[in-house]
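The primary structure of each chain is shown beneath.
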Amino acid sequence: MQTRTYPPKPSNVYLFGTCLIDLFVPQAGMDAVRLMEREGVSVHFPQDQSCCGQPAYTSGDAEAARKVARAQMDLFKQDWPIVVPSGSCGGMMHEHWPKLFAGDPVYGPKAVALAVRVFELAEFIVNVLRPDYSRARAEPCKVALHTSCSARREMGTRGHGLSLLASLPGVEVVEHVRESECCGFGGTFSLRHPDISGAIVRDKVDSIAGTGCQRFITADCGCMLNISTAAQHRGVGVAGTHMASFVCERLAGESA
Amino acid sequence: MSKHPMQFVPSADFKERARGALDDDKLRKSFRGAMDFLQAKRRNQFSDEEERESLRDLGSAIRKYALANLPDLLEQLERKLTANGIQVHWAETAAEANAIVLDIMQRNAARRMIKGKSMASEEIELNHYLGEHGMECVESDMGEYIVQLAGEKPSHIVMPAIHKNKADVAKLFEEHIPDTPYTEDVDELIQTGRRALRQRFMEADVGLSGVNFAVAETGTLWLIENEGNGRLSTTVPPVHVAIMGMEKVVAKLDHVVPLVSLLTRSATGQAVTTYFNLISSPRRPGELDGPREVHLVLLDNGRSQAYADEQLRSTLQCIRCGACMNHCPVYGRIGGHAYGTTYPGPIGKILSPHLLGLDEAGDLPFASTLCGACSEVCPVRIPIPDLLIRLRNEAKRNPNETVATPLRGQGAKHSAAERVVWQFWSGAFKSPKAWAALRWGATRLRAFTPGAQAGWTQHRTPLKPAPRSLHDLLKDKGQPE
Ligand code: SF4
Numbered sequence: 001m002q003t004r005t006y007p008p009k010p011s012n013v014y015l016f017g018t019c020l021i022d023l024f025v026p027q028a029g030m031d032a033v034r035l036m037e038r039e040g041v042s043v044h045f046p047q048d049q050s051c052c053g054q055p056a057y058t059s060g061d062a063e064a065a066r067k068v069a070r071a072q073m074d075l076f077k078q079d080w081p082i083v084v085p086s087g088s089c090g091g092m093m094h095e096h097w098p099k100l101f102a103g104d105p106v107y108g109p110k111a112v113a114l115a116v117r118v119f120e121l122a123e124f125i126v127n128v129l130r131p132d133y134s135r136a137r138a139e140p141c142k143v144a145l146h147t148s149c150s151a152r153r154e155m156g157t158r159g160h161g162l163s164l165l166a167s168l169p170g171v172e173v174v175e176h177v178r179e180s181e182c183c184g185f186g187g188t189f190s191l192r193h194p195d196i197s198g199a200i201v202r203d204k205v206d207s208i209a210g211t212g213c214q215r216f217i218t219a220d221c222g223c224m225l226n227i228s229t230a231a232q233h234r235g236v237g238v239a240g241t242h243m244a245s246f247v248c249e250r251l252a253g254e255s256a
Numbered sequence: 257m258s259k260h261p262m263q264f265v266p267s268a269d270f271k272e273r274a275r276g277a278l279d280d281d282k283l284r285k286s287f288r289g290a291m292d293f294l295q296a297k298r299r300n301q302f303s304d305e306e307e308r309e310s311l312r313d314l315g316s317a318i319r320k321y322a323l324a325n326l327p328d329l330l331e332q333l334e335r336k337l338t339a340n341g342i343q344v345h346w347a348e349t350a351a352e353a354n355a356i357v358l359d360i361m362q363r364n365a366a367r368r369m370i371k372g373k374s375m376a377s378e379e380i381e382l383n384h385y386l387g388e389h390g391m392e393c394v395e396s397d398m399g400e401y402i403v404q405l406a407g408e409k410p411s412h413i414v415m416p417a418i419h420k421n422k423a424d425v426a427k428l429f430e431e432h433i434p435d436t437p438y439t440e441d442v443d444e445l446i447q448t449g450r451r452a453l454r455q456r457f458m459e460a461d462v463g464l465s466g467v468n469f470a471v472a473e474t475g476t477l478w479l480i481e482n483e484g485n486g487r488l489s490t491t492v493p494p495v496h497v498a499i500m501g502m503e504k505v506v507a508k509l510d511h512v513v514p515l516v517s518l519l520t521r522s523a524t525g526q527a528v529t530t531y532f533n534l535i536s537s538p539r540r541p542g543e544l545d546g547p548r549e550v551h552l553v554l555l556d557n558g559r560s561q562a563y564a565d566e567q568l569r570s571t572l573q574c575i576r577c578g579a580c581m582n583h584c585p586v587y588g589r590i591g592g593h594a595y596g597t598t599y600p601g602p603i604g605k606i607l608s609p610h611l612l613g614l615d616e617a618g619d620l621p622f623a624s625t626l627c628g629a630c631s632e633v634c635p636v637r638i639p640i641p642d643l644l645i646r647l648r649n650e651a652k653r654n655p656n657e658t659v660a661t662p663l664r665g666q667g668a669k670h671s672a673a674e675r676v677v678w679q680f681w682s683g684a685f686k687s688p689k690a691w692a693a694l695r696w697g698a699t700r701l702r703a704f705t706p707g708a709q710a711g712w713t714q715h716r717t718p719l720k721p722a723p724r725s726l727h728d729l730l731k732d733k734g735q736p737e
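Heads up: the sequence lines are chains X and Y, in that order. Going by the working numbering, the final residue of the first sequence carries number 256, and the count climbs one at a time with no gaps. Going by the working numbering, the final residue of the second sequence carries number 737, and the count climbs one at a time with no gaps.
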């Protein structure tokens, strides 16, 4: 991961909603829009978008991944930042699109040009929008943070997540044991190797539950769905909330 | 012997073995404990992040440089070693390497071999081969000795017996070493093992060792160890045979220093190990000790396939520290034996396909979440997840497709059914209309979402689409495009 330079606050951004949020957690996307609009930014959502191509890319079908990625690449015509409310999808676009299209005379340069415009939501809020959340609800609240491994390594999401949570009054982030260890999702890995994946996520659920927090915050929907549904399956009272939704919740009824 | 000497159980049964390991609480506890311990030790060694990162840059550059000049360096190494009186042998396959070692033993009328730690000798299953030819091999690294007594294979490349606890060792020693009462006192166990081995050193006709680094400039073999068994194996018996994968050569003596620092700190969290052995010749006239013959076997065994490919070549940067397995969430859950290959864990997943072919080891690259913990700690910066993705592509490739330099077993994991799934998937996601229709169906028919979802619901509650998609919600809101 390289240290990035951030643009000044723009008037317009694109939102890339990701397929998981689109279908399973649309409220997270709505909350992401709300947080950016709160800072006076106009959020554009090209309706023709679908998925970054990551599932096929990591499953060893680069051609299928390219087909899907290509279909996204012409949707962001203006030179605006592209904000992604999911770190691993952001990482796919930022890190892997250039690799996927290396050697392609048309899409290669396009991928490289797009990659620098892609930001993970928390990263974008903290480093570009720099909001003032000092009037948010102040009652004390303890949460655990979970970051997707690839996103943490490719996009530095742990630091951004912590900074964003730190800007909220009353919110305390509790560290859990082996916080940096994978939750066992791994996209199609969870289907291909259900037993290994199940063993890994079991430990993750236990480690979050061990903090006494019922709730973990994450900006990655794959991990969030994995950990939450695994906890539910075992009847453990641990559930995930998307970062955007959590921030919105803290801002609700913000004193004017 | 199995079809491929390196493979002691078919890796096709990977899933089954993994399941067995997952059910073994004792095993999981052993691995978890060992990994937490090793991770902490490594962390303590690299408290200065800047120093660590620049050392990793240096280590990676040194290994890349060596690989970029590999043919020249190997020739230079051979020249220097020969000039120093060390005999060099080239082995393209495991079978050739085994035959070379047997021949050396027979020419010396040798019967007994004492072995220092060597993963290359595990890779070619040397013990098994020599045993079939009437030779006796005894492992002298304590961990290797323990797994040999148990009739097993190493489960970790640095700590071969990491899957055993004290009680296991106590039982083994009581059973196999005469006059040994059962004890779980670790110091006593070590003393027992040492005493038993001491005798074997004196009796051995040949000592075998691995090599950590071979220096082309000087013709020096570096051997790093903690127990002293490496020094004894290479100095007490009259003949010393070293075996190494051909990628382990480095250009200059200077280059070894940062690599050694990276290796010991990454592997066991030690600033330095107890022994460094620098071997540069057999016993010279007038010298009182040392072997009268020294041999080096240079092993290819599939490495040149990785070497030939610009991206996959980085696999050969590896210095076998084992840090990738110590930090791997999958290895930590299933242990080393489940992989069924000599090299387990992340390095095994990227190396075994070259040694065995994708037909034999093609499942392994898929057994990863791609979390990247391995490449984050790899002292020579091997981009392991990228290599896994590449190998997945090669394993899934249509076997009829012609590529410039096919990998052995290319396309072995190709599945027409899976291809169809991805074709359907890409068809749906590349067309806005198709994706809109799918969204419509999934959200409107959410009540019919199946309760059993292949693989997922074994350990989780089912996923259910939201009543309305983000697309719909934002359209209603009048979001600009
Ligand atoms: S791949 Fe890297 S971390 Fe793993 S054993 Fe080799 S050098 Fe060590």
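Hints listed in this document are in silico derivations from the structure and should not be mistaken for laboratory results. Treat the hints loosely; a few may be bogus.
Here are some, though not all, of the chain Y residues that point toward chain X, as calculated from beta-carbon distances under 7 Å [claimed, not checked]:
| hint | residue |
| --- | --- |
| 1 | Leu314 |
| 2 | Gly390 |
| 3 | Phe685 |
| 4 | His715 |
Note that the structure is predicted; figures quoted are calculated from it, not measured. All C-beta atoms, glycine included, are put in the ideal place defined by N, C-alpha and C.
Right, here's what the structure says about each hint:
1. Leu314: At about 19 Å, which exceeds the 7 Å cut-off, the nearest Cβ of chain X leaves the hint on Leu314 of chain Y violated.
2. Gly390: 42 Å, violated
3. Phe685: Check passed: Cβ of Phe685 of chain Y comes within 4 Å of chain X, closer than 7 Å.
4. His715: The hint holds - His715 of chain Y has a Cβ within 7 Å of chain X, the shortest such distance being about 3 Å.
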